[in-house]
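Engineer: Sequence:
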Amino acid sequence: MKWNMLYVSGFLMLLLSCSTSVDNAEDSLLNASHLEHLYQEVEVGDTLLGTVWIYCEAPDYKVVGDEDEGFTCVDDVARALVFYCRQYQLDGAPAALEKIRSLTEFILYMQAENGYFYNFLLPDKQINRQHRNSQAIPNWWSWRAFWALSEVNLLESDALMELQSRSLAAMAALLPEIEQLCLGQEDTIEIDGVKIPQCLTRVGADQMGVLMIGLANHYRIWPSAAAKAAMLRFGNLLLAVQFGDQDTFPYGAFMSWQNNWHAWGNVQAYALLHAGRVLQHPPFIEAGLKEVKYYYPYCLSRGLISGFKVVSQSDSLLMQDGRQFPQIAYNIRPMVYASMEAFAITGDTTYARTAGQLAGWFFGDNPAHQQMYDQQSGRTFDGIGSPSDINFNSGAESTIEALLSIQAITSSPVALEVLMKNSK
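The numbering used here puts the first residue of the sequence shown at 1, with every later residue one more than the last.
It should be emphasised that the hints constitute simulated quantities derived from the structure, not laboratory data. Keep in mind that the hints are not guaranteed to be accurate.
The list that follows gives simulated cross-link-like pairs (lysine to any residue, SDA-like), each with its CA atoms no further than 20 Å apart [as the list claims (entries may be wrong)]:
id: 1; residue 1: 309; residue 2: 122
id: 2; residue 1: 125; residue 2: 135
id: 3; residue 1: 195; residue 2: 154
id: 4; residue 1: 293; residue 2: 369
id: 5; residue 1: 195; residue 2: 240
id: 6; residue 1: 62; residue 2: 44
id: 7; residue 1: 195; residue 2: 125
id: 8; residue 1: 421; residue 2: 300
id: 9; residue 1: 62; residue 2: 390
id: 10; residue 1: 421; residue 2: 369
id: 11; residue 1: 195; residue 2: 239
id: 12; residue 1: 421; residue 2: 297
id: 13; residue 1: 62; residue 2: 135
id: 14; residue 1: 125; residue 2: 194
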């Protein structure tokens, strides 16, 4: 029970140290103004749906649509819903509650009969069922929807009870598919001399991490033997793609897909720490801590890494196709989350300091020496292509991933102190 008690005390400390509303932008590092700019409510029948425009382009920062995709998507609405749910836990602001209602309604509207979710909504309010990234299939947007709905059900609010009931029903419709995923598919294949579970060559360890986060939350609300078995199965598959140790490359990093590591969406460490805490399963916690403790400092020492491939040669693992760019907000947030979860579980401030160092990327501690997040406007630029190439657009993904990162950092005085010291 040691880890659990440390987590509870750590979480209470984080909550007590962060009570600033997102509406109080002048006094807070966290400014959701640009997210508010991207947010739009649309009426479908008698229901008000909360949407978030996907794209927003410099220099005037007007929102723009995409003819092939649509103007909004489950991917980004789910991100926004997680942000507002966590903010409501911190400050209980009525404005956050209203966003939670409308964004949840959008996700529920996008669920298909098979339990999965469509992704894109067109300007005429029709669901885009044709685009390859909008199919109701086991893919990123379905897992993000599941995670976001699970966050809604962690909230304590009488005003949300009816919405939470419908959200649980939506999650229940997808649970049978989740619980069968990778069942009996533990065989491995060899890629570049590296053994990878066959199922993870299709689903991807990165996607499985997102799914585990939602499943762990759901288990807290509605524990079942089947959900626990699925979490243990998924987690063990992730353990199989963690390579290296304190002294050996890649220093405890979890591969993202096959034998490739990429920074964007690489939530495996956070997922294992979170699920390990919920299940009280030390192997998951130890594996998550390993990546945070050894790989993240290595990554920071190299000015951050965008991606690489691991290949086996003479009984050693070597980096191939190493890349430093592009660097985007979505690269940073998963590492910040894992570092802060490690701090919450262990109480070791080393992890909070790592989180603060990582978040420095938003404030100029990056290869371009460019402040990527603007506290005054709430905008986050879309990425760094090289030390001299900045994408000054500010779309939904960048905006929300930055807000999620800063939201987590500002909950810890230790992490915030390091962030302020390292900001340029």
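Engineer: Is the Cα-Cα distance between residue 195 and residue 125 20 Å or less?
Structural biologist: violated (45 Å)
Engineer: Is residue 421 close enough to residue 300, meaning Cα to Cα at most 20 Å?
Structural biologist: holds (16 Å)
Engineer: If you draw a straight line from the CA of residue 195 to the CA of residue 240, is it 20 Å or shorter?
Structural biologist: holds (8 Å)
Engineer: Hinted pair, alpha-carbon criterion (20 Å max): residue 195, residue 239. Please report holds or violated.
Structural biologist: Since the Cα atoms of residue 195 and residue 239 sit roughly 12 Å apart, the hinted pair holds (cutoff 20 Å).
Engineer: Straight-line Cα separation of residue 293 and residue 369 no greater than 20 Å?
Structural biologist: violated (25 Å)
Engineer: Has the given pair, residue 62 with residue 390, been kept, meaning a C-alpha gap of at most 20 Å?
Structural biologist: holds (18 Å)
Engineer: Given the proposed pairing of residue 309 with residue 122, does the C-alpha separation stay at or below 20 Å?
Structural biologist: Between residue 309 and residue 122 the Cα gap is close to 37 Å, so the pair fails against 20 Å, i.e. violated.
Engineer: Has the given pair, residue 125 with residue 135, been kept, meaning a C-alpha gap of at most 20 Å?
Structural biologist: Satisfied, since the Cα-Cα distance of roughly 16 Å is no more than 20 Å.
Engineer: Given the hinted pair residue 195 and residue 154, is their Cα-Cα distance within 20 Å?
Structural biologist: Between residue 195 and residue 154 the Cα gap is close to 37 Å, so the pair fails against 20 Å, i.e. violated.
Engineer: Compare the distance between the alpha carbons of residue 421 and residue 297 with 20 Å, and conclude whether the hinted pair is satisfied.
Structural biologist: Given pair residue 421, residue 297 holds - Cα atoms ~17 Å apart, limit 20 Å.
Engineer: Holds or violated: residue 125 with residue 194, Cα cutoff 20 Å?
Structural biologist: violated (46 Å)
Engineer: Please work out if residue 62 and residue 135 have their alpha carbons no farther apart than 20 Å.
Structural biologist: violated (28 Å)
Comparing the model with each numbered hint stated earlier shows that hints 1, 3, 4, 6, 7, 13, 14 do not hold.
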